[in-house]
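So the chains spell out like this:
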Amino acid sequence: MKLIFEKGAPGQHLTLMPECDVPEVELSCARKTAPKLPHVSETELTRHYTALAKRVHGVNDGFYPLGSCTMKYNPKINEDMAALPGFTQIHPLQPVETVQGCMEVLSTTEKLLCEITGMDAMTFQPAAGAHGEFTGLLLIKAYHTHRKDTARTKIIVPDSAHGTNPASAVMAGYTVVNIPSSDDGCVDVEALRKAVGPDTAGLMLTNPNTVGIFDKNILEITKIVHEAGGLCYYDGANLNAVMGVVRPGDMGFDVIHLNLHKTFSTPHGGGGPGAGAVGCKALLKEFLPGPVVEQCPECGLYRFAQPEHSIGRVKDFYGNFDVVVRALTYVLTLGKEGIPDAAKNAVLNANYMMKRLSEKYTMAYAGPCMHEFVMTLVDLHDTTGISAMDIAKGLLDHGIHPPTMYFPLIVHEALMIEPTETESQETMDHVCDVFLQLWDLAHTDPQALHDAPTKTPVRRLDEVGAARNPVLRYVAG
Amino acid sequence: MGTYVPNTQAQREAMLAALGVAKVEDLFCNVPQEMLVGENLDLPKGLSELEVRKKVTAMAAKNRVYDTVLRGAGAYRHFIPSVVKSVISREELVTAYTPYQAEISQGILQSIFEYQTMICELTGMEVSNASVYDGGTAGAEALAMCKDRKRTKAYVSATTDPNVIGTMQTYCFGSGMPLEIIPAKDGRTDLEALKAALGADAACVYVQQPNYYGNMEDAHAIGEIAHAAGAKYIMGCNPIALAVMETPAECGADVAVGEAQPLGLDIAFGGPYLGYMAATKAMFRKLPGRIVGQTHDVDGNVGYVLTLTAREQHIRREKASSNICSNQALCAFAAGVYMTAMGADGLAQAAKLSMSKAHYLADELAKIGLPRIHSGEYFHEFVTACDKLEAVLKALDDNGILGGLPVEGGILWCCTEVVSREEIDRAVAIVKEVC
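Note that the protein sequences, when read in sequence, are chains Z and H.
Read left to right, the first sequence gives residues 1 to 477 (our numbering).
Read left to right, the second sequence gives residues 1 to 435 (our numbering).
Simulated from the structure, these hints should not be mistaken for lab results.
Hints are all accurate, no fakes.
Computed footprint of chain Z on chain H; a stretch qualifies when at least three of its residues, placed anywhere within it, have a C-beta under 8 Å from a C-beta of chain Z:
| # | stretch |
| --- | --- |
| 1 | 160-171 |
| 2 | 242-255 |
| 3 | 311-321 |
| 4 | 395-408 |
We put the beta carbon where it would ideally sit given N, CA and C, even for glycine.
Please put together the full structure from these sequences, using the hints given.
Below is the structure:
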């Protein structure tokens, strides 16, 4: 498909700007040449972008079991609420008495999400999960620094963790200590016991972990870290399995981030914007990024305040506010019964698919799983030459988004499946049938899978060539 | 309660039966049972869509939408063509995840490739990434890009948006990178102070153009000073101004970043916005975040993929150039549609209109006793003195006008193309009555 730069013709344009009604002024330091931006009519423009949209698979186009990403349905009401002019047309630096509604959104969402997570306070400034991790780690750093406990320079991360965990720890100035997982995919408690010490700043953990198992030793794990003087960070990427059922705060975690774009149904927009709200226990509250929203106990009005020992801001203004509006809409809709019900159905769906696929595929770990499970295709690869990648590409021709591939790193030939609660039994049965057919195809006609996909807008792409000879922008020929 | 679970009770029971499990709670057998929150979960009862709509709409109604906005300071109410929202509300785009499966994500990938090209055109730089969270985080990431073993210290002009400086300081608290603020003189970076400050450890100099006060910096001179000291030069530029002003490339910048909210995004109480980042070819492997590259498929068709991923956290983990994973893809998409709709001429027109209106407002305010406090050239923002700051802003507020932002020394005003001469005249008349 042609690029937008290759369409239209010089002189084609939309009529958007009025005549100037005041004396015209120009800069003395003008740019020498105009930027080469597209020149198309409105017809051409909308057709181009409609064509691009048709070359994208979203949640509404079909099943999207991308493990660890919680691709649940994105309710339409969320979009309507986020588009209210009373939110979209508000300047972030308006007088505080004119933004009471926005502050109510932040304050209300904070209360609800603190209740779900067992935390005492929350900031919405972080724009994404990784940004939340960074923020949470800075809270840990500020806590130790404030106590003059400056020898704590290490963050412990299991080898099954998301790549963002160690990367965030380094950005926060920490050294990463990787600890191996035990055979059941959970934290090796003895390895953890050996790893902690007077240099331990904290532990980062996902629970359920990245292989979809709830770590039954969780209370012991957080206790070991606390007794060593460290704090416990909860990576909330997998909260969907347990929201409203069991709370990270009750597991012993001190600080967490939530991916509002996963657990709380806000859409992911092809890679963002998300929101990585960070919650913490009272002991970290004074370090939160400012400003935070407070409600005056006497007059009921909301106001901004700066936490006493704030780490400072991590982003301009108050975060991806309009994403928070969507999450609030979702939590108000589900409420006390709906939140745990969603988690339970996410777990039920995952177990159902795990059971059906166990008919032919090898599971990396025994069930029951939580909201997701990991298959290992090592045996299939050994016997047929068909890899996890090949099965994934085979799914594309059936209109199914593949699972997360080759993650977590501790499982070879991994496919990580997370159906979420918003998929029906009918859909899952169909997808399981396709998976099982592909298994058969791997044995009967492996070349067909090596050649897949064949029905997509483009076929397998040369990623090595793309990295070796980077073409990162269009240059007019 | 509201629910988005499609399975009926009967279907759930059938699935449980298939699993050989009596109730769904049995699947949570690994959870220490004393930890289950159960009925103690203190949330309000779930609501119907109608009730939720009323509740959230009532919150929005407690905010004030101004007819006229004369305030910028990092968030700008520009005109957004109808095609922008029409395109980016397509549900394929809204509901997709990161384009990990390139074959079924070509629309997102191509849009990013086009966006990267437009950012390169706008800045004059050679390579752009796929976006970061906002202007502040773009600035903070840019400082980190310039750090090496010997050169560890960042220098940032005091004329930079305080939110951006704040974000940079927090990131530097994390990384341990020292950050020094270069003082301002007459609303611009003090060049002598800059020259004197830069030492052998200088990694980079960051300057905002136009700066926080709307003033045009001597961007060439700052670049020369930075480079003479062996430091990299980072410019944080308003993307609308870039349609008409000298590009960071022309000024000698190594890295160009900024807040791209003015390119078709609502002010939306501060977000979601869009951080753009571009660099010279010499620096591009240090860019954080996603980058899309052009390639071919097995049949020789042109296609697009996420590339140079060896910089990123999912491959490099603790050795990654940044931890960023999710970015602001849909906002970048919107900016791409916006720049396409505007074209180079439309964008230049928006810049000229914004600047001309700001100058008209400044001239009119000067006539009634609110002169600019800085000399020299400015773009679409400026600071005036004002003795009766509170009274002026209140009078404007009473008339549905959001006046400028109180800053040290007076009021920081802003005009964009959406403000008409009539609105400016009306605002000035209101101010005149107070002063």
